[in-house]
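Enquirer: Listed below, chain by chain, are the residues.
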Amino acid sequence: MTPAPGSAPPGRQATRSSTASVRPHRNRWGRTARWAGWWWVLPALLMYAVFVLRPLALTFQYSLYHWNGIGVARWAGLDNYLTVFTDRDLLKIITNAFVLIVFFSFVPVALGLLVASLVRRITTGTFGTVVRTILFLPQVIPLVAAGIAWSWLLSSNGLVNQVLRAVGLDGLTRSWLGDFDTALPSVGMIGAWVMLGLCTILLVTGMSKIDPALYEAARIDGAGPVREFFAVTLPSLRQEIGVCLTVTVIAALASFDIVYISTSGGPGIQTTVPGLEIYRLAFSQRQVGLASALAVVLMLLVLACVLPIQRLTREDRG
Amino acid sequence: MNLSRREHLTGRVFLIALVVVTLLPFVSMLSAALQPRGTVPTGLTWPSDPQWGNFVDAFTAANMAALLRSSLLIIVGVVPISVVIATMAGFGLGHLRVPGGRIAFALLLLGLTLPFEAVITPIYYQMRDFGLLNTRWAIILPLVGLYMPFAVYWMRAHFVSVPPELSEAARTDGSNTWQLFWRIQVPLARPAIASLTILLFLWTWNQFLLAIVLVDDATKRTMAGALGAFQGQWGTDLVLLCAGSLLILTPTLVVFLIFQRQFIKALLQGSVKG
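From first to last, the protein sequence lines are chains A and B.
Under the UniProt record's numbering, the letters of the first sequence match residues 1 to 318, in that order.
Under the UniProt record's numbering, the letters of the second sequence match residues 1 to 274, in that order.
It is worth saying that the hints were derived from the structure and are not from the lab.
Be careful, since some hints might not be right.
Stated by the list, open to error - Restraint-style ranges between C-beta atoms, simulated for each label pair:
(1) B/107 with A/175: 41 to 49 Å
(2) B/47 with A/210: 44 to 52 Å
(3) A/128 with B/160: 31 to 39 Å
(4) B/72 with A/170: 43 to 51 Å
(5) B/37 with A/210: 50 to 58 Å
(6) A/180 with B/21: 20 to 28 Å
(7) A/36 with B/157: 19 to 27 Å
(8) A/60 with B/37: 45 to 53 Å
(9) B/30 with A/175: 19 to 27 Å
(10) A/36 with B/255: 35 to 43 Å
(11) B/21 with A/181: 19 to 27 Å
(12) B/125 with A/33: 37 to 45 Å
(13) B/191 with A/38: 22 to 30 Å
Said to hold, decoys possible - Derived, one-sided and incomplete: chain B residues facing chain A with beta-carbon distance under 7 Å:
(14) 10
(15) 22
(16) 89
(17) 93
(18) 115
(19) 117
(20) 148
(21) 249
Even for Gly, the Cβ is constructed at its ideal location relative to N, Cα and C.
Make a model of the complete structure from these sequences and hints.
Expert: Take a look at the structure:
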């Protein structure tokens, strides 16, 4: 980041001091001064410790007990974890989260890549600004609002069925979020809608940074648009794709708002996701131990998915 | 030339299709919100006699004035505190390089991908023990803590990139750490601080889980939490629900449209760093 114009001229003084000692940092400020720096870090760490680290430790602790939140907690050992991994419903709920990843992550990234490779520069001009602004709307409004809007769109009188009727596909109409077969994909589509704009813009921005010479070289080598995409575009966008995947996979695994509003997990447990189940177990079923074990599993799942993505897509950045 | 023009056209067509898909839910909501109360609206039909009065009804039904006040109070509680302490910590870790800072930073990174659901249960009991359930503090305090991993990471990344010679110069001129921070580092960090402020504002306004778990009274929640309660109350009255949802959306939309450039920049950078 460059210093703002008008701030103290750093150049002249900086040269003077850096000739005085190679590492001014270490030599000039005494040991005490460096320890005193902790006062700057302390408030943030304190809030983090009280409202994240302590709850995190408590989640681990609760997960080892049977507890209804009020009475005496009974030691459970790994019972709750055993339940998470053997209970059919809970396994189905975890699977649901992975199905959502397909919709929240792969659909927006694939569509985003398609659009990005079709437009080289939409970042310029009024058209670009308007498009960017509109595509970002789903990121700005609360997910709850997206859930409400789409519940209406997918309801029996909603726009989706209206369109199907208009083109003569009356047989396909249904209450999309209430149907056992279509509920989960429908929730997934809402997520895809939310993520699509962000992914598209990120990928388009990434593409605009690719050196045009690379494309020229590819063309000279006789590459068609498809070869060009796989040889130039895709490798150059590795980092942006990594970012899109990271953001959307976390959103899919930790989804709560959209599901809570659009289906509350139904019909049956067809659209229940771990986040919603933790909420239900802890606050309506009063099974705090089991809820906490599921919370630990969810956390580990997020890490297990995100760390490989980070590693695969960021290694060249050191 | 011909080829690239055709490419350009296809690209535009795709983009416009995306734009239409993005806007449809909003338009469909608007068309439902303008139907006469008590009717069952269908998909996208522009009413012959748009009932703009529905918005007035929804304004009263949603208790909008109270909701706005509550959301603003929560924002005022969360955002300035988070930004100040995260900037200080970023300065300490990234610039002063306190001894053992790496460990503190690693500890913070641990929380970077943490789903809020993972800690919501203990936070509930913690807030109950503090006697803060059903007050705005129950949302404000945990949010500040939960934002710290990202916020400190963000500010540290800025301070690491500031050349140390700059503060060396200030030190030579006799300023202490406090003056160095406020007079030189903070003004230089303004763009990073502005982006962080925008992101935290947005995330707080849209925070749903903490709001519904920790606060029962919808008029003490965030906007998103209040919207959830509104849906619970008016879920069967589709006309009013759509009108109310659009009303509750409006403040964010207005703020977004005014600052759209900054918002988009912050969101893009935010996802890249996060």
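Enquirer: Now look at each hint and say whether the structure bears it out.
Expert: Against the structure, the hints come out as follows:
1. For residue 107 of chain B paired with residue 175 of chain A, a C-beta distance near 48 Å keeps the hint of 41 to 49 Å intact.
2. A hinted range of 44 to 52 Å for the beta carbons of residue 47 of chain B and residue 210 of chain A is consistent with their spacing of about 48 Å.
3. The hinted window of 31 to 39 Å between residue 128 of chain A and residue 160 of chain B holds, with their beta carbons roughly 32 Å apart.
4. Under the hint 43 to 51 Å, the C-beta atoms of residue 72 of chain B and residue 170 of chain A, about 48 Å apart, fit the expected range.
5. Distance hint for residue 37 of chain B and residue 210 of chain A: a CB-CB separation of about 54 Å, consistent with the stated range 50 to 58 Å.
6. Checking the proposed 20 to 28 Å range against residue 180 of chain A and residue 21 of chain B shows it holds: the Cβ atoms sit about 26 Å from each other.
7. Checked against the hint of 19 to 27 Å, the C-beta distance between residue 36 of chain A and residue 157 of chain B comes to roughly 23 Å, which is consistent with it.
8. The hinted range of 45 to 53 Å is satisfied by residue 60 of chain A and residue 37 of chain B, whose Cβ atoms lie roughly 51 Å apart.
9. With their beta carbons about 22 Å apart, residue 30 of chain B and residue 175 of chain A fall inside the hinted range of 19 to 27 Å.
10. Checked against the given bound of 35 to 43 Å, the beta carbons of residue 36 of chain A and residue 255 of chain B, roughly 39 Å apart, stay inside it.
11. Here the CB-CB span from residue 21 of chain B to residue 181 of chain A is close to 23 Å, well matched to the stated 19 to 27 Å.
12. Look at residue 125 of chain B against residue 33 of chain A: about 41 Å separates their beta carbons, and that is inside 37 to 45 Å.
13. For the hinted restraint 22 to 30 Å between residue 191 of chain B and residue 38 of chain A, the CB-CB distance of approximately 27 Å keeps it satisfied.
14. Restraint check, residue 10 of chain B versus chain A: the minimum CB separation of about 5 Å is within 7 Å; hint holds.
15. Evaluation of the residue 22 of chain B hint against chain A yields a held restraint, the C-beta minimum of about 6 Å falling below 7 Å.
16. Below 7 Å, beta-carbon pairs count as interface contacts, and residue 89 of chain B has one with chain A at about 4 Å; its hint therefore holds.
17. Restraint check, residue 93 of chain B versus chain A: the minimum CB separation of about 6 Å is within 7 Å; hint holds.
18. Because the smallest distance between the Cβ of residue 115 of chain B and any Cβ of chain A comes to about 3 Å, under 7 Å, the interface hint for this residue holds.
19. For residue 117 of chain B, the interface hint holds, since its Cβ comes within 7 Å of a Cβ in chain A; the closest pair sits about 4 Å apart.
20. Given the 7 Å rule on beta carbons, the hint for residue 148 of chain B holds: about 4 Å separates it from the nearest Cβ of chain A.
21. A hinted interface residue such as residue 249 of chain B counts as satisfied when its beta carbon comes closer than 7 Å to some beta carbon of chain A; here the least separation is about 5 Å, so the hint holds.
Checked against the numbered hints listed earlier, the structure breaks none of them; every hint is satisfied.
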